[in-house]
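K.L.:
Take these sequences, add in the hints, and give me the full structure.
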Amino acid sequence: MKPIQGRAADPFDTKGLREEFDRRARRRRNLVIGLRIGFGLFFLGVWELCSRYVIDPFWISRPSHVLVRLWEWYSTGFFFAHLGVTMLEIGVGFLLGLAAAVLVSLVLGTRDTLAKVIDPFMMALWSVPGIVLGPLFILYFGIGFTSKMVLVTVTVFFLIFFNTFSGIRSVNQEWINVLRIMGASQNKLFTKVILPASALWIFSSFKNAIPYALVAAVVGELIASQRGIGFLILDASGVMDITGVFAALFNLMLVGLMLNEIVERSEKRVLHWRQNDR
Amino acid sequence: MKPPQAIQVRDVYKWFISKNSEVLALEDVSLDIGVGDFVSFVGPSGCGKSTLLNMIAGLQQVTAGTIHYHGREVEGVNTRVGYITQHDSIFPWRTVESNIELALELKKVPKPDRAARVKEMIKLVGLEGFEKSYPSQLSGGMRKRVGLARTLIYNPEALLLDEPFGALDAQLTLTLQDELLRIWEMTRTTMVFVTHDLGEAIALSNKVVVFTGRPGRIKLIREIDIPRPRDVFRIRFSQRFGDLYEELWASLKEEVGKGEEL
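Here the protein sequences come in this chain order: E and V. All you need for the numbering used here is the position in the first sequence, starting with 1, plus 1016. All you need for the numbering used here is the position in the second sequence, starting with 1, plus 4.
It should be emphasised that the hints constitute simulated quantities derived from the structure, not laboratory data. Ideal Cβ positions, reconstructed from N, Cα and C, are used throughout, including at glycine. Please note: incorrect hints may appear among the correct ones.
Said to hold, decoys possible - Coverage of chain E stretches by chain V, computed from C-beta distances (three or more under 8 angstroms per stretch; other residues unrestricted):
1) 1193-1202
2) 1209-1222
As the list claims (entries may be wrong) - Taking beta-carbon pairs under 10 angstroms as the criterion, some of the chain E residues facing chain V (in silico):
3) Glu-1190
4) Val-1286
5) Leu-1287
P.N.:
See the structure below:
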């Protein structure tokens, strides 16, 4: 927001100007929130009307139908079992992928020759979209939890690995020198400099990787599954239940937003020292 | 009887060999630095003065010759010195306190002892009230102080300073020079100070070493016989300072620009 200008009776009494600024800021915030709600309602209204008078609700369902379905899913607890499966696939897969990525990049990031040797293989693997390995993993690990988890792990691994690797490679050499002169061992160099200095890269890749982890889990479920949000979509579309598909998609959206929020919050906690950086 | 030597540099050569260049950075450098002495290296950029400092710190290797530190040859990183560079390489993810504490943390000093030492250091460099601040909240001068305190806390026998005040404005530089002198007079830590500012070198040191342009050789070693304690704010106006500056600048002037074309 623009700083506010104006005349005050007393040059050191800025209270009035401060109040005016706060008032304007509040008004603006309320306007934005109000318009957001209005936009959402408008969109739902158009959808509702279209489905009543223009397009057969068989194809596009109807907000009120979706709402009823969501209520059924939530109130019977039917949905939460599926949600739990998908979240577990994402959670476990993500953690495994993250741990592997950080570990491998720590090893390769400090060993020049090895990194050079491995580089083309990493790039070759990376150029294959992880998702296409889905059918293979289902063959290897069955249609249950494991195959989706592995798919998430592989997807997340590459996304985080490349970022963390370049982060570790670009750690300020002076930081390392200072610690070596203080007599730090190789282990201490990792824990005291290299890891915290790379936290920034790790976190920015975190944020990128979260939506992909969700995609990997759901696509895995779409290929073959018996539970999960992807399964709900697959199942509903199999019987032409468009309302069910939309209800599942809505939940998917919520999950995505929630995951993002979690990352942003943990980022603020871990990288709190950056608070004054621009 | 000769006073004990902290650093003895003997017939040192340094080559930098890379894919398409071979550069002789230092040629036949020999030098003694006594315990508790304050010695400055000046010379045109590229003359190898920082390289020599890095070799004393054991961060780089000599190509030929030897460097002895307190009688022992430097092989590998020299953990008995403190090392401060132009970039205040303090860690942005640690508070002032925990930056300063780092060396003791590495040496596994028990927590209560650490806290006491940190407090002492914070007082020494005048950072009271900023213990919990992060570097991003500090000014350039304050960050320098953190860097100094972080190094002094483990009582290094010698401080190696590589243009420590290079990036600061003139007033702040003077203030920090003054504090460095105060600390040196208190601790009598051996100081090796690399700078491109001849005035700074004269104001602070007992001895100024002038290097030639690349390849760096020692051109001149001049005792600075200005009495102590010195006032860095006024010293520049004294006759003796002026004479020494003239003399050394005449010698340095011929070298400035020599290393540049490479």
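K.L.:
Taking the hints in turn, state whether each one holds.
P.N.:
These are the hints, each one checked on the structure:
1. 1193-1202: As far as the region 1193-1202 of chain E goes, the hint holds, because 8 residues have Cβ atoms under 8 angstroms from chain V.
2. 1209-1222: holds (count 4)
3. Glu-1190: holds (4 angstroms)
4. Val-1286: The hint holds - Val-1286 of chain E has a Cβ within 10 angstroms of chain V, the shortest such distance being about 9 angstroms.
5. Leu-1287: Given a least distance of 8 angstroms, the restraint on Leu-1287 of chain E holds.
The structure is consistent with each of the numbered hints, conforming to all of them.
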